[in-house]
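Engineer: Spelled out from the first residue to the last, the chains are:
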Amino acid sequence: MTPLLSVKNLQVSFPTRAGLVKAVRGVSFELGRERLGIVGESGSGKSQTGRAIMGLTAPQAVISADRLTFADEDLLRLSLKERRRLRGRRMAMVLQDPKYSLNPVMTIGRQIVETLQTHEDIGRSDAKARGLAMLEAVQINDPERVFTLYPHEVSGGMGQRAMIAMMLICGPELLIADEPTSALDVTVQIDVLGILDKLVAERGMGLIFISHDLRLVSTFCDRVLVMYAGRVVEELSSANLHAAKHPYTQGLLNCLPQIGERRHPLPVLERKPEWAL
Amino acid sequence: MTTALSVRDMTVVYDGFAALDRVSVDVSHGESFGIVGESGSGKSTLLRAVTGLTRFQEGSLTVDGRSYDGRKRDAGFYRTVQMVFQDPYGSLHPRQTVDRLLLEPLVIHGFDEVDRRIARALDEVGLGSGFRFRYSHQLSGGQRQRVAIARALIVEPKILLLDEPTSALDASIQAEILNLLEQARRDRHLTFVMVSHDLGVISHMCERVAVMKGGEVVETVPVEALERREFSQDYTRRLLTASEGFRRD
Chain A
1 MTPLLSVKNL QVSFPTRAGL VKAVRGVSFE LGRERLGIVG ESGSGKSQTG RAIMGLTAPQ
61 AVISADRLTF ADEDLLRLSL KERRRLRGRR MAMVLQDPKY SLNPVMTIGR QIVETLQTHE
121 DIGRSDAKAR GLAMLEAVQI NDPERVFTLY PHEVSGGMGQ RAMIAMMLIC GPELLIADEP
181 TSALDVTVQI DVLGILDKLV AERGMGLIFI SHDLRLVSTF CDRVLVMYAG RVVEELSSAN
241 LHAAKHPYTQ GLLNCLPQIG ERRHPLPVLE RKPEWAL
Chain B
278 MTTALSVRDM TVVYDGFAAL DRVSVDVSHG ESFGIVGESG SGKSTLLRAV TGLTRFQEGS
338 LTVDGRSYDG RKRDAGFYRT VQMVFQDPYG SLHPRQTVDR LLLEPLVIHG FDEVDRRIAR
398 ALDEVGLGSG FRFRYSHQLS GGQRQRVAIA RALIVEPKIL LLDEPTSALD ASIQAEILNL
458 LEQARRDRHL TFVMVSHDLG VISHMCERVA VMKGGEVVET VPVEALERRE FSQDYTRRLL
518 TASEGFRRD
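Chains A and B, in that order, give the protein sequences.
Going by the working numbering, the first residue of the first sequence is number 1, and it counts up by one from there.
Going by the working numbering, the first residue of the second sequence is number 278, and it counts up by one from there.
Extracted from the complex, chain B is given alone in its bound form (with noise of 0.2 Å):
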């Protein structure tokens, strides 16, 4: 398998914080990747730095066979590589409509038939365009995400990365964009990076798991290895057990 998404030595730098420290991860194309941690951890870190909006001061960045440096990041960039963040109350402007949402990224990069493309990204995630003229304000979290998913789908981008899709939403609506997410990827063979502090949904959507602790990743394993407990790292094991609940001892 070729790579997607290559990764080596990435460091990000905040006032002497070593935010990320020598990070290298590989996603082949059509793998779905997971990283776990703790809030610190650098997860969120990696994915913004990825895609431009840290930036990082040592390593290198490989995406899809063309190198990116530390800062700039341009619209071809953008075409194949889209994001979904956590707080589908943060992340979509609030005083335009659905209709303008998706309308932007189409415009940026010179897309045809604005229209049908539109009406077909909101099937696709479920809302129909009855939806199409409502703000975000007018929609329920779970509804929010349905649409930054449209928007990052609307490119057709081959790489999704995404930043605890599903952690501001109640444990029944996680199910539903889990079950999207995975649709889309199968309909649209896309590579998915995915940042979760939850070992259960992180097991559930990716092949593969980076653990991060300290801006450092401490191991990668298979999911399978997770299952049967295979790991080296103790931080793994704390990690896999608080995730199956409270335990009173």
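Only chain A is shown next, with the shape it has when bound in the complex (with noise of 0.2 Å):
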């Protein structure tokens, strides 16, 4: 059976005066109908695997790839348009901040039809029927009236689960979600999570999830990559989490203060130079 997504040898690399910047410096891995965590830094390269992907890198960014296909689409050779098609039919993204993520100036209900419309050939009742639906999907109790409201009226935990129903209302089979709950509150994180888990589950798609936070990326993903300066430099299951090798996945794991741990000073991450290699 061929992957979903299939990733080898991405290369991402930003030319500025200074010269060339590699951003991502040769990530491969597959993906299944399975839930995949990357975990790095700011800078190590994680958002611009996902952005590469998806085909929302920056113009003036060069990238390369021996392999990048999904599904059936070889997407280093698919035009513009081409890409377009696929962006939100059949893959997705969810960004981390509702309030930069949504249109302000749209309703959220508006927002969530636009995408059907684009990819579906749907009237308008129709459309505004399943976005009902879909907001119902996704735990929002009043979907009546979420759905006339416009993004600045709703709660961040609100609003991140709108995104979601825009996400997925076309049904896609790959979800990338880039720090999907680092802006939200610990209570709604665990909640916006659950419903993120449930509508994965049910509707088999695959995920890749982005984000700094090792410990609640290994208990929602089945498989862990960990970047470092553009390179993938450990991969994991996460049951075997504390099996860890790497200094740097070790020093990921380590830094976060845990309740009932006494740690002072806590331990810092070291970043030697020659992981970057």
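Just to be clear, a hint being listed does not mean it is correct.
So the derived label-pair ranges between C-beta atoms look like this [said to hold, decoys possible]:
no. : chain 1 : residue 1 : chain 2 : residue 2 : range
1   : B       : G407      : A       : R271      : 14 to 24 Å
2   : A       : H246      : B       : Q460      : 20 to 30 Å
3   : A       : A276      : B       : Q460      : 39 to 49 Å
Chain B side only, calculated, beta carbon under 8 Å to chain A, not exhaustive [claimed, not checked]:
no. : residue
4   : E390
5   : R393
6   : D447
7   : S449
8   : D475
9   : G477
10  : V478
11  : A502
12  : R524
One-sided and incomplete, this derived list gives chain B residues near chain A with beta-carbon spacing under 7 Å [what the hints assert, rightly or not]:
no. : residue
13  : R377
14  : L380
15  : S480
Think of the hints as simulated: they come from the structure by calculation, not from any bench.
This one's a predicted model, so the numbers in the text were calculated from it and none came from an experiment.
Heads up, the beta-carbon is just placed ideally off N, CA and C, and yes, glycines get one too.
From the two separate chains plus the hints, produce the assembled complex.
Structural biologist: Dropping the structure here:
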């Protein structure tokens, strides 16, 4: 069986005045209908990996790969128009902060309907019915009301649910969630993750979950890639997190304060240049 | 122990909505006191009302033996109390160099030897003088938060109010900033009041913690009680479970 997504030796570089900055340097992985986590610090290339798959990299960037395929499509050979046709319908992305990623001058309902009408030939009333059903699926109690609200009128947790609804309404096969809960309160975080988890399982999607929080990712995903300076330094199954061999992965695990632990000062992360080689 | 900060029945009302509803909190000298709660629980409003950024309508505030009213704070207050904000991107002046940012509080409070003090403040937060003439947009999030901490510490306050100082940062950078804060507290015998929605961070940094919900303090417990699960409120339990990560039931 062909995997849903196959990435081989992906490179993303940005030309700058100081020369070529290599953000992603040879990332390879395959994804089935499973949950994959990508973890790393700011600047590790985790978001750029997700964006390259979506086709949302800034236009001046140089992307190359030995292989970048999604189901039966060769993403490297598709035109911009063909990429656009995939985006939103077959692959979708949830971003970090609903305050910035939703359109501020459009009601939540209209944004959801817009997604649907872009990809499907569907009448207005049908689209609205599907939108309302989707809002209900992300556990919004009062979908009729939320449908008519603007993004600034809802809380962060509600906004992120609306975002998930918008991304899932066309039934994509692949969902990339880039720090989907980092802007939310801890309790809301758990609720939103629960909703995401249920929908991903029910619909049999592939999920790439990008975050800097290794513990959170490991409780949510089946498998985790740890990135450092544009490379994957370690791949782990979530169950074997404690068997992490790479000192960078161990550092990411140890630097979080835990209730009931006395470690003063907290161990900080070492960053050795040879790991980036 | 003497009381560094005492808040009695503080009430803040915005357009008929009680953001703080008769909140009382006592923090001793040298203590590290935590406040947890979700967005809208009033935890940041409490810090803002203490510093005078928000007016409080009822109740009383005593800091280091002196009483303050709902609105006015004099220069002496800010010599005693300083604050570090959540978002290091929003809390530093974008058109001022680090040097200028650190100079301003020194000038306001009439300090001498400004040059030496700025150099020392940067050293203390682990930045060094190489950062002195940079602008905040040339710094990373962690470096910016270090500058914000240096700015707060440079006037030698006794009490530091910390409003989610690490929630905008990566987990790895968070550890560095928390260590820096603990070091500063030890060296300067500071009193901390720290607000966070992350119980892990609060239990690491604080000795006592107040749990806030809907503008009220629902309970105040020592951190050890939290670890032993000895608390009375269901809400505290929810926060505790949530901070342990996602679970598939």
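Engineer: All hints are to be evaluated individually against the structure, with a verdict given for each.
Structural biologist: So, going through the hints one by one against the coordinates:
For the hinted restraint 14 to 24 Å between B/G407 and A/R271, the CB-CB distance of approximately 18 Å keeps it satisfied. Under the hint 20 to 30 Å, the C-beta atoms of A/H246 and B/Q460, about 28 Å apart, fit the expected range. With their beta carbons about 29 Å apart, A/A276 and B/Q460 fall outside the hinted range of 39 to 49 Å. Annotation: interface hint on B/E390 violated; nearest CB of chain A at approximately 30 Å, more than 8 Å.
With a cut of 8 Å, the hint placing B/R393 at the interface with chain A is violated, because the nearest CB-to-CB distance is about 27 Å. Below 8 Å, beta-carbon pairs count as interface contacts, and B/D447 has one with chain A at about 4 Å; its hint therefore holds. Using the Cβ-Cβ criterion of 8 Å, the hint placing B/S449 at the interface with chain A is satisfied: the shortest such distance is roughly 4 Å. At about 6 Å, the closest approach between the beta carbon of B/D475 and any beta carbon in chain A falls short of 8 Å, and the interface hint on this residue holds.
Here the hint on B/G477 is kept, as its CB sits about 5 Å from the closest CB of chain A, short of 8 Å. The beta carbon of B/V478 comes within 6 Å of a beta carbon in chain A, closer than 8 Å, and the hint placing it at the interface holds. Interface restraint check: B/A502 against chain A, minimum CB-CB distance 11 Å, threshold 8 Å, status violated. At its closest, the beta carbon of B/R524 sits 7 Å from a beta carbon of chain A; the interface hint therefore holds under the 8 Å criterion.
The beta carbon of B/R377 is not positioned within 7 Å of any beta carbon in chain A (closest approach about 26 Å), and the interface hint is therefore violated. Residue-level restraint check for B/L380 is violated (minimum Cβ-Cβ distance to chain A is 29 Å; threshold 7 Å). With a cut of 7 Å, the hint placing B/S480 at the interface with chain A holds, because the nearest CB-to-CB distance is about 5 Å.
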